[in-house]
Amino acid sequence: MNDSERLVIAGFGGQGVMLMGQILAQAATNENLETVWIPSYGPESRGGTANCFVTISKTEINAPVVTQSDTLIAMNQPSLEKFESKVKTGGRVLVNASLVKDHTFREDIEVFNIPVNDIALELGNLKVANMIMLGAYIGASKVFKPEALETVFKQKFTGNKAKLLDLNKQALLRGMKEVS
Amino acid sequence: MNDSERLVIAGFGGQGVMLMGQILAQAATNENLETVWIPSYGPESRGGTANCFVTISKTEINAPVVTQSDTLIAMNQPSLEKFESKVKTGGRVLVNASLVKDHTFREDIEVFNIPVNDIALELGNLKVANMIMLGAYIGASKVFKPEALETVFKQKFTGNKAKLLDLNKQALLRGMKEVS
Amino acid sequence: MAAKGRIIIEQDKCKGCDLCTHYCPVNILELDTSTTNALGYTPLKVTDPDKCIACSFCAMMCPDGVITVERFNK
Amino acid sequence: MAAKGRIIIEQDKCKGCDLCTHYCPVNILELDTSTTNALGYTPLKVTDPDKCIACSFCAMMCPDGVITVERFNK
Amino acid sequence: MAKVLMKGNEAMALAAIKGGCDAFFGYPITPQNELPEYLSKHMKENGRVFVQAESEVAAINMVYGAGGSGARVLTSSSSPGIALKQEGISYLAGSEVPCVIINVMRGGPGLGGIQPAQSDYMQITRGGGNGDYHTLAFAPENLQETVDIIKESFTLADEYRNPVMIAADGLLGQMMEPVDLERSSNVKEAPLKPWAATGESGKRGHRNKIVSLFLDPNDLEDHNLKLQKKYNRMIDEQQRFEMIHTEDAEIVFVAYGSMARIARSAIETLREKGIKVGMIRPISIWPFPEKAFENLPKSVHTLLTLEMSLGQMIEDVKIVNQGRYKLDFFGRTGGVVPEPEEIVEKVLAMKEGAN
Amino acid sequence: MAKVLMKGNEAMALAAIKGGCDAFFGYPITPQNELPEYLSKHMKENGRVFVQAESEVAAINMVYGAGGSGARVLTSSSSPGIALKQEGISYLAGSEVPCVIINVMRGGPGLGGIQPAQSDYMQITRGGGNGDYHTLAFAPENLQETVDIIKESFTLADEYRNPVMIAADGLLGQMMEPVDLERSSNVKEAPLKPWAATGESGKRGHRNKIVSLFLDPNDLEDHNLKLQKKYNRMIDEQQRFEMIHTEDAEIVFVAYGSMARIARSAIETLREKGIKVGMIRPISIWPFPEKAFENLPKSVHTLLTLEMSLGQMIEDVKIVNQGRYKLDFFGRTGGVVPEPEEIVEKVLAMKEGAN
Amino acid sequence: MDTTTVYKPGKGLTDRKLSYCPGCTHGIIHKLVGEVLEEKNLIDNAIGVASVGCSVMSYEFFNCDMHQAAHGRAPAVATGAKRVREDKTVFTYQGDGDLASIGLAEIVHAAHRGENITVIFVNNAIYGMTGGQMAPTTLIGQKTTTSPFGREKAQAGEPLRISELLATVPGATYLERVSVHDPKHVKKAKKAIEKAFEVQEKKQGFSLIEFISTCPVQWGIQPYEATRWAVDNMIPYFPLGVFKDARGGETDE
Amino acid sequence: MDTTTVYKPGKGLTDRKLSYCPGCTHGIIHKLVGEVLEEKNLIDNAIGVASVGCSVMSYEFFNCDMHQAAHGRAPAVATGAKRVREDKTVFTYQGDGDLASIGLAEIVHAAHRGENITVIFVNNAIYGMTGGQMAPTTLIGQKTTTSPFGREKAQAGEPLRISELLATVPGATYLERVSVHDPKHVKKAKKAIEKAFEVQEKKQGFSLIEFISTCPVQWGIQPYEATRWAVDNMIPYFPLGVFKDARGGETDE
Ligand SMILES: Cc1ncc(C[n+]2csc(CCOP(=O)(O)OP(=O)(O)O)c2C)c(N)n1
Ligand SMILES: Cc1ncc(C[n+]2csc(CCOP(=O)(O)OP(=O)(O)O)c2C)c(N)n1
Ligand code: SF4
Ligand code: SF4
Ligand code: SF4
Ligand code: SF4
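Protein chains in written order, with our numbering: chain A, 1 to 180; chain B, 181 to 360; chain C, 361 to 434; chain D, 435 to 508; chain E, 509 to 863; chain F, 864 to 1218; chain G, 1219 to 1471; chain H, 1472 to 1724.
By construction, these hints were calculated from the structure, which means they are not laboratory data.
Note that the Cβ used here is the ideal one computed from N, Cα and C, for glycine as well.
Please note that the accuracy of each hint is not assured.
What the hints assert, rightly or not - Taking CB as the label site, the calculated pair distances span:
hint	chain 1	residue 1	chain 2	residue 2	range
1	E	N740	H	I1692	50 to 56 Å
2	E	A510	B	Q350	27 to 33 Å
3	F	W1058	B	G228	51 to 57 Å
4	B	G193	H	I1611	33 to 39 Å
5	E	K834	F	L1055	41 to 47 Å
6	E	E849	G	R1234	33 to 39 Å
7	A	N32	F	G1137	32 to 38 Å
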């Protein structure tokens, strides 16, 4: 990771993009890094599109809203269209290739096409598409080791959610493999 | 009348002191003089004491509240005590002698003792004590001719109050006589 | 007829509202128009103390707590 | 059995809430999971148009005014 | 026209009728009660609407409904009642619904007292509602001016599609003075209101909406920038003030409303003593009349702000002043109406201090 | 202490618990809902009081009752909800009832929008209630500072017997950051409150009354003068601010809260370009930190006020400035969160203009 | 002579002269509340909430800790006080303008939450304090300063009956309407207050006693005539009685 | 083939896509109001008042002149509009947080004055818009974001029944509670709206139709299950029916 990493994560309401960001922010917190997570909020996010901004940094974070991102994770087509232009030159874009087809990408960015929905269905649960994408992201960016996110999973999936732990780990590793 | 005349009229709630002031202000208005009438207001005036300030002037009236008065009309003892000190040197005080006994007055003011309650009872209606006092006031001050006030009476006592006209006129003239 | 009790009137608290007088079953209360109290009101008086039956009706109806009622012990 | 009428589905208005399908007395409505519409939802489809009795129940229950119902004139 | 002797609150009510007020919605509160009482009698006579609302909150929202439906509308209250109207006022400004709001100020804070005060200057000029908005606010000093301004306010409210506030106080509300209700004032017939939700979408050919909601922040910002243009136009066009004896003054009072009137007496006394005092009397308190401060003579060295509060307008004086003149302040509060003599003494003490 | 990652609204709620908050009364409104939601779960756990009131008006009056009965009390809302609380806040100040009020600001006026804004600066610092009164008001820029200030606010409220307002915004409310909830902050145990109406007149030996009514204007003025002394003490003791790179700055930003944080990025960029900018960051917005402006270096020529509103704090900057420095302004409003680049451009344009 | 005092001003009220107009039954109601506070030993442990109306100064009269609440908001203030002082007796004293007009949401919601407080509600069919304006309880045809032609149904609707309205609120436990127009009713009214405070002591929830009261000054008649007017005009529209009693097994009759 | 259209989206609503969540019955209620407006030829002469809640954007949906009112104040806004536009059809559209919580005084007083307006009251037992907080209508035991352990009587009281409460207000003319959980009830609900608008047309006073509605998203269940939940849990507590009909001689059945 550079001194700081700024991400935009965007998708449909039900795709779990908020959680993806929170997991990264929690991992950063665990490692004593500075971090800020900012959601889009309000009624328009219900059912519609949702996105969050995450900044992870070794030094104090000033402006919290990500205007120029290092990474964009686009879980669907509208998100890609909305945020692609705000990725820095040299930045990376991870795209849900199950929903985004035939898009012409900017030339100055690194693009990872991962069909996370299809993979998730393979794994037997569409809901883990987001974790597959997270895996791909840490695989591509090396911002965190998988163990760091697994720790967060353990913090988040407690009580009757504990049974989801394994599936999510599996999804994470599978996602990493997609970019390795 | 001098260029201006500033009065304080004070008494118990039911004595009609507000009306006295309004009649003077209306007379002034009729004669195209400048005038301001200011009442005490609020719950404390209910049943308790009431007072009003009246200014009548040939020129524009600035500060409307009367702080130094030319005339004080005190319809009872507490009013006299409250306002006597604010009468100008050389000013005049008209006192309801039916209710104020044994008072030692300031030396630098002109005092008129008129037993208006007793006179009113003589006239058969305690309610006109205030009109008797008004009569005494115009008699002493010459600010208005009685006709001026009679005009106001005609403006005020209309409808089923018209029958009070004569009694009030009578009271007024009777009051004038007291100071003549 | 001998009085069964008596009322004590705190004259200076009386507002002369005339409420109590209407509830005296033996009709011995009226306002004393010959005087005014410190508040400027004509206060309550008892016309015929001997008739008081200490029923407390006057006191109960007085909004201003003017009246204390005592019953004579036999 | 010949259809008594038909429904016209404005697919792009459908939010895939699945409400209408529960009220069809002849059970010919379901969501088309094979596709998503412009809003990102899986829209309604008719499985067996021939059975439609033009009762309008689906349309009445649709919160989003997706369905128009026509009766065939004889 | 002959002058009639009227009580302030009643004169305000009648002025509203003369100004074309179609409807009144209000809730009782001292010291403005004679205003709705008068209207409860006379609006009906004139075929107009009078409703005693269940609260100030309801009243201001009735104003919103009636004003938004195209009527000329009035509400009046006093200090704590105006506090309750703040959300509604913010809505009115945000949705650009014209109306007139009279505040007959009394002492505060909280329940406070009922005697005259000017301690709602901030409440009136800064608003307590949310967001970037402004209302025109006028502060007359005597009944004739009050009548003239209220009559005109309905026209101004319509012209700017904005609430207009009248800063009166218990003294203006309760006093009587002769007033000429027909004195010419800038009163225009209510204009056509093509924006109003009159329930005539059929006739009009399109729907009208009275709305302050803009979920997209860019839309809301655009809306605010549009409003801001209007506010700037008000700042340009509506600064009103009177200059009194400033031509050779050394000390210039800044005072409005009843306080200005009292100060006039002090000026007389001081001038008699040879002390050169004058006064800037803001008549509009929003927009604050900056222009009045532009061409003061060289003789001026101090601005003395006078208020029936502990120092609220002085903030505007500071903003305008930008360090040019010495500033001083005299105020009474809580319903105490100062005597001219106190101002005289204040000035004498200032002179003393200066020597 | 380890930092925990929390959502702003939840961190505020937990901070209140850590600050000794005994009772919360509030009404839902975006974007502060997670605050009461968190408390609905956790106040009970801690044996404390959580009540969802029927409205903001009811909520602030419940605060009055609970605070006046001696408890440490919190309410929170967002812009239009705060407008509805104005009468209650005036009562709280007038009766000297301590409490903490959080405003998670959103765009206005009226219903406006729900995205972050700072356009309630006037609403917060001038009050919209009636009368001469003030509330302490703090505007933190990040979650750690928010947590620290909220914890301390209950202590301050008790010390001054006065409401304390927290000016947050939708960004602070909705974002997550790691915070140390145990970081030392000036939190004291609730003091004895011999003035409170606790229902213990027997034990105490005399009755207590929580009152803002003074029918005699002289009493009300005396009460106001007493309050005024307290406000002056606050002005002395509670001005809080941070000076950022002012030591050699030519242009000094004045910005608070989220806007200040954004401005930090702009300062970095500009300094990289060799442009000497610095910032005064008011942490207390009432009292406004005049002291920060006292010893600016000679290098300063311009104060650039930055706000997420169309210019409200700039009035305070003008008041403090008194003509010393050139003033300039940049603001976005309606929920638009400006990008640091916009500030950079503004400064570049200013430099351009100056040349 | 040997005497027993059978009636005297008690300790539930302070010595301050009541600020009510002559003959106003606010005074009688004050006395009753004061007597019950004293007899039930509550003075030292009570928190009262004065509202805005003629009784605004009641914080000077009730001899216990007091709050003065904003107009209409006394039930909210009482809620705040009671929630943080659960073991104290908390009551409000409110007029009909205060409670039935501006404060309607607050009273209904205090009842709705089942707040364990007692409300003394003084219904005199008018706004006394501010000069005799129309209240929600003003009768049809009644002239007030804002219904100068008499209250008209078409313009202002028919009067609200608060006890009846609150009886529909599940959270309300005890609701009774009483009058103080003669000694018999005064006694009954006192019993009602006692019951209400008992409901609170037993933590049974919300209680409200509505008083038919007079306003001789704003009605423009003499105090005694005012009691007759209340009997002849108000009670027919606002019938006396218990409107709700959800105290569980232990009701009295 | 030759066809007759027996059901189609009408002109009472605009073409804007409704902003409600999938399966939310706000949409059905909108349609019904729109249909009645159209069938009664009122679209061109109506003034609607949107409130604050999920239906805040309803000013974009009803195809007539519209106001957007502050939270809870729609009845006051409607009063203002109706008083100055007496010949227009004025209605409000309000949720239960809006009407029964913050706006309680306004709704009761609009009824009390007998305002000649129609209120469409959507009771979904929760605050939808703000994220599922407890409403005055939330059922005992129901979990919401501010009653995380389920609504408890001791803490928050038992749910308010608005139609029953308003039935005690003399000024209210027509009050009915309906549901839209199946086609039969949808038809009945439409009839109720028709009646309410008729009351207004005949200047008979205040009318309110309360709708049992669903909030699948904040209840956390699927839309169809939500209609079942409403039937099984809400209707038993909020029974359907006419709660007041003071239309004079001309009532229907
Ligand atoms: C917010 C607010 N609005 C209005 C008032 C003015 N006000 C004082 S008392 C009162 C009415 C009191 O009437 P009621 O409650 O019937 O009591 P009463 O005086 O008849 O005993 C009003 C409207 C106020 N003080 N505060
Ligand atoms: C003064 C004010 N307080 C609070 C809010 C926030 N708010 C918006 S909608 C709402 C509740 C809506 O619930 P309800 O009326 O039940 O309608 P629903 O969303 O369930 O349809 C609240 C509290 C606001 N906008 N304004
Ligand atoms: S009731 Fe009381 S105040 Fe009235 S006259 Fe009798 S003693 Fe006096
Ligand atoms: S009810 Fe309407 S929106 Fe829902 S699935 Fe059926 S057609 Fe689609
Ligand atoms: S105004 Fe009426 S209610 Fe008030 S004290 Fe006087 S008589 Fe009693
Ligand atoms: S939140 Fe609930 S009430 Fe609101 S639109 Fe969604 S489902 Fe409907």
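How the hints compare with the structure:
{"no.": "1", "hint": "E:N740 / H:I1692: 50 to 56 Å", "result": "holds, 52 Å"}
{"no.": "2", "hint": "E:A510 / B:Q350: 27 to 33 Å", "result": "holds, 29 Å"}
{"no.": "3", "hint": "F:W1058 / B:G228: 51 to 57 Å", "result": "violated, 31 Å"}
{"no.": "4", "hint": "B:G193 / H:I1611: 33 to 39 Å", "result": "violated, 55 Å"}
{"no.": "5", "hint": "E:K834 / F:L1055: 41 to 47 Å", "result": "holds, 46 Å"}
{"no.": "6", "hint": "E:E849 / G:R1234: 33 to 39 Å", "result": "holds, 35 Å"}
{"no.": "7", "hint": "A:N32 / F:G1137: 32 to 38 Å", "result": "holds, 33 Å"}
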